[in-house]
Amino acid sequence: MCDHQSGSTPVNGNLPLELTAFVGRAAELSTLTRALGTARLVTVTGGGGIGKSRLAARAAARSVPRDGVWRVELAPVRDPEFVDFAVVEALGLTDHTTRAPCETLLAHLAGRELLLLLDGFEHLVDACASLVTELLGRAPGLRVLAVGRRPLEVAGECVVPLGPLDVDEAVQLFADRAARQGIALRDDPDVRELCRRLDGIPLAVELAAGRLRALSPGQLLERLDDRFALLTGGSRDALPRHRTLRTAIGWSHELCTCEERLLWSRLSVFAGRFDLEAAEYVCSGNGLHSNDVLAVLTELLAQSVVTREETATGVRYRMLDTVRAYGADWLEATGDAARLRRRHRDWYMGLATSCELDWFSPRQREVAARVAAELPNLRLALENCLTEPDGARLGQYLAGSLWFCWVGCGRLAEGRHWLEQAVRLESEHEQSRLKALWVLGSVAILQGDAAAATAALQECREAAERVASATGTAYAEHRTGCLALVTGDMARAETLLRSALARYQDIGELNSNVLMAQVELAMTRAVQGDLPDAVRLCEDVRQVCDDHGERWARGYALYVLAYAAWSGGDPARARELLCDCLSGAHAFHDLLGSVLSIELLALVTATEGDPAEAAALQGAAGALWPSVGLPLFGSAHYNAPHELCEAMAREQLGDERYEESLRQGARLDREAAVDRALNGAPKPSEPSLEALPAPRGPVRRAAASLDMHEPAASPTRKGGETAG
51 MCDHQSGSTP VNGNLPLELT AFVGRAAELS TLTRALGTAR LVTVTGGGGI GKSRLAARAA
111 ARSVPRDGVW RVELAPVRDP EFVDFAVVEA LGLTDHTTRA PCETLLAHLA GRELLLLLDG
171 FEHLVDACAS LVTELLGRAP GLRVLAVGRR PLEVAGECVV PLGPLDVDEA VQLFADRAAR
231 QGIALRDDPD VRELCRRLDG IPLAVELAAG RLRALSPGQL LERLDDRFAL LTGGSRDALP
291 RHRTLRTAIG WSHELCTCEE RLLWSRLSVF AGRFDLEAAE YVCSGNGLHS NDVLAVLTEL
351 LAQSVVTREE TATGVRYRML DTVRAYGADW LEATGDAARL RRRHRDWYMG LATSCELDWF
411 SPRQREVAAR VAAELPNLRL ALENCLTEPD GARLGQYLAG SLWFCWVGCG RLAEGRHWLE
471 QAVRLESEHE QSRLKALWVL GSVAILQGDA AAATAALQEC REAAERVASA TGTAYAEHRT
531 GCLALVTGDM ARAETLLRSA LARYQDIGEL NSNVLMAQVE LAMTRAVQGD LPDAVRLCED
591 VRQVCDDHGE RWARGYALYV LAYAAWSGGD PARARELLCD CLSGAHAFHD LLGSVLSIEL
651 LALVTATEGD PAEAAALQGA AGALWPSVGL PLFGSAHYNA PHELCEAMAR EQLGDERYEE
711 SLRQGARLDR EAAVDRALNG APKPSEPSLE ALPAPRGPVR RAAASLDMHE PAASPTRKGG
771 ETAG
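Each number in this note's numbering comes from the position in the sequence shown (counting from 1) with 50 added on.
Heads up, a few of these hints could be off.
Unchecked claim - Per label pair, the in silico range of CB-to-CB distance:
| id | residue 1 | residue 2 | range |
| --- | --- | --- | --- |
| 1 | Gly206 | Arg713 | 31 to 41 Å |
| 2 | Pro681 | Ser633 | 24 to 34 Å |
| 3 | Ala111 | Thr88 | 13 to 23 Å |
| 4 | Ile233 | Arg162 | 45 to 55 Å |
| 5 | Glu512 | Gly704 | 49 to 59 Å |
| 6 | Thr437 | Asp237 | 50 to 60 Å |
| 7 | Gly268 | Ala111 | 35 to 45 Å |
| 8 | Gly213 | Thr504 | 58 to 68 Å |
| 9 | Glu153 | Arg263 | 48 to 58 Å |
| 10 | Arg413 | Thr437 | 23 to 33 Å |
| 11 | Thr437 | Ser80 | 39 to 49 Å |
| 12 | Glu153 | Thr504 | 18 to 28 Å |
By construction, these hints were calculated from the structure, which means they are not laboratory data.
Even glycine gets a Cβ: it sits at the ideal position worked out from N, Cα and C.
Turn these sequences into a full structure, and let the hints steer you where they fit.
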């Protein structure tokens, strides 16, 4: 059936299983299921609206690969460069290094058995074919189910073409959609003829059924016949099947009111899903008042032009790509497309601005979820800004304002892509470019690219001094201090961070970034032996964070305080603080904060007398470190607690058992590692690590210099103003 969704639930990974009735297709479902059992690449092909996506989802749900089924929606992706990013996002991967997304995928797929469902690739054929070839060639446990209007033409591809429903199935679908509107249909020859005339194309049948509140089946047939006769010169059967759907969509469009046609065409500017508030702003004006958008949208929902979905961020809407494309053609024909694209851009710039402000508030987690849901539209807005002749300033502003998405929510590689494009453009508005530069520097620091960070921050500092931008100077100095911190130059880091904090105070800046600068200063003090001063600084940060509801920077302050608690002989308090820190970092996809917390929890666990579990946690952290850009455990400043934990565990367990525990912990994926760190080892009745002997005697404590490194460097914001 056509891929309308009235609701979904995750099955075998992230695959949405549609809860609507699945009508017909028993033979096709069996064929596709058999193909998936024998071929590593299966492609379902067919025209628009034929039901490819829903059939593929049903077949995938029958699949039982060990590591699940993962669906990637490619219809909202406009740029071929973002195919790899879309797959990374769908798999829930976080990578803070400079490696390409494809390499991140290959590292994740190594040793795994899963099915990847690539849905809606037809406008990205070359990019998808290249990626699929690479992944299948280097990940033997991977199978791919692709859905599009044409094959990928990759070696070994098994193509399953999907045709229309037979008449009986089409009638059954029509009756099912009528029943959802409270309309009971008898055995009506007009219904059979209508479904035949629509060639059994599911989307066409559903669009026709959406008109039953106003027209009887006989009236629908009469009007449809009139349109077909107009296009074919009177021959009822002369219309080619590939034009039937577009004709049926056009017929449905003609039956719309003027306002419904306007909204249909204007909704085509969205990439993927959208919410009501966005539709009311973007699509209003010039014949459609914003107060009327909801009523008109409700009519389009009833007519199956738009579908409604319940998501983690609330109710959202979308149009099938075929329907959206028809609306886009009409929008271009009206001459209003440029205005709608500008309104779309302006809405999502406003959204980014408000989310940046809300990041320094109790709504941080809501902001993270909202931005994740809006990524397709934010990408489209960025693309529009950076390709318009006068869009450089806006593109730089938008890319910089989304720092919290790139840095705080684990999307460093994508952020760097947009930021590098933005800073290459000439802009008359220096402040926007300054912000993009220091955010680029922040991203490069976290990716471990000191050369790129230095270049961006030096350019930012020089430009800020040239235009007398106190804000730009403060941020450039802060991030340069952060770079000195992570590269081990503690004296220089302290000097720069103190100067940046003084500048922030002079200009009245208070936000997550300012608080991170204070935590980073605390780290320099701790590493240089003044732990009480580090505690004082971080207690102050925690208080400010609690006052403002800030969770992200607070986590790094808790990390320093946890180390101080452990150092002071209070492992229970250290564990409490670290669990708070880890749960927050994991919620934000902050890989650096997560792995730091797990490492220190391993030391706490060893101190508490469980060396086997400590070794398992070290193994789990060790598996995560390759995805972290900063190679901090090669530094003497930061490595002492890790080495101390290893020494304690080896002494208690012996080398052989320590290494075995380490290997067992390394088998945990990120979710399992975080769960293990927060909740301890599984109960005996659950799958568990091989039993290990109890520690041989008391655990010795030893002094160690602080294993600290740079918290996820982040931009900031004033209370009430965007940062920078």
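Evaluated hints:
{"no.": "1", "hint": "Gly206 x Arg713: 31 to 41 Å", "verdict": "holds (34 Å)"}
{"no.": "2", "hint": "Pro681 x Ser633: 24 to 34 Å", "verdict": "holds (26 Å)"}
{"no.": "3", "hint": "Ala111 x Thr88: 13 to 23 Å", "verdict": "holds (18 Å)"}
{"no.": "4", "hint": "Ile233 x Arg162: 45 to 55 Å", "verdict": "holds (48 Å)"}
{"no.": "5", "hint": "Glu512 x Gly704: 49 to 59 Å", "verdict": "holds (57 Å)"}
{"no.": "6", "hint": "Thr437 x Asp237: 50 to 60 Å", "verdict": "holds (56 Å)"}
{"no.": "7", "hint": "Gly268 x Ala111: 35 to 45 Å", "verdict": "holds (38 Å)"}
{"no.": "8", "hint": "Gly213 x Thr504: 58 to 68 Å", "verdict": "holds (59 Å)"}
{"no.": "9", "hint": "Glu153 x Arg263: 48 to 58 Å", "verdict": "holds (53 Å)"}
{"no.": "10", "hint": "Arg413 x Thr437: 23 to 33 Å", "verdict": "holds (32 Å)"}
{"no.": "11", "hint": "Thr437 x Ser80: 39 to 49 Å", "verdict": "holds (46 Å)"}
{"no.": "12", "hint": "Glu153 x Thr504: 18 to 28 Å", "verdict": "holds (24 Å)"}
The structure agrees with every numbered hint stated previously.
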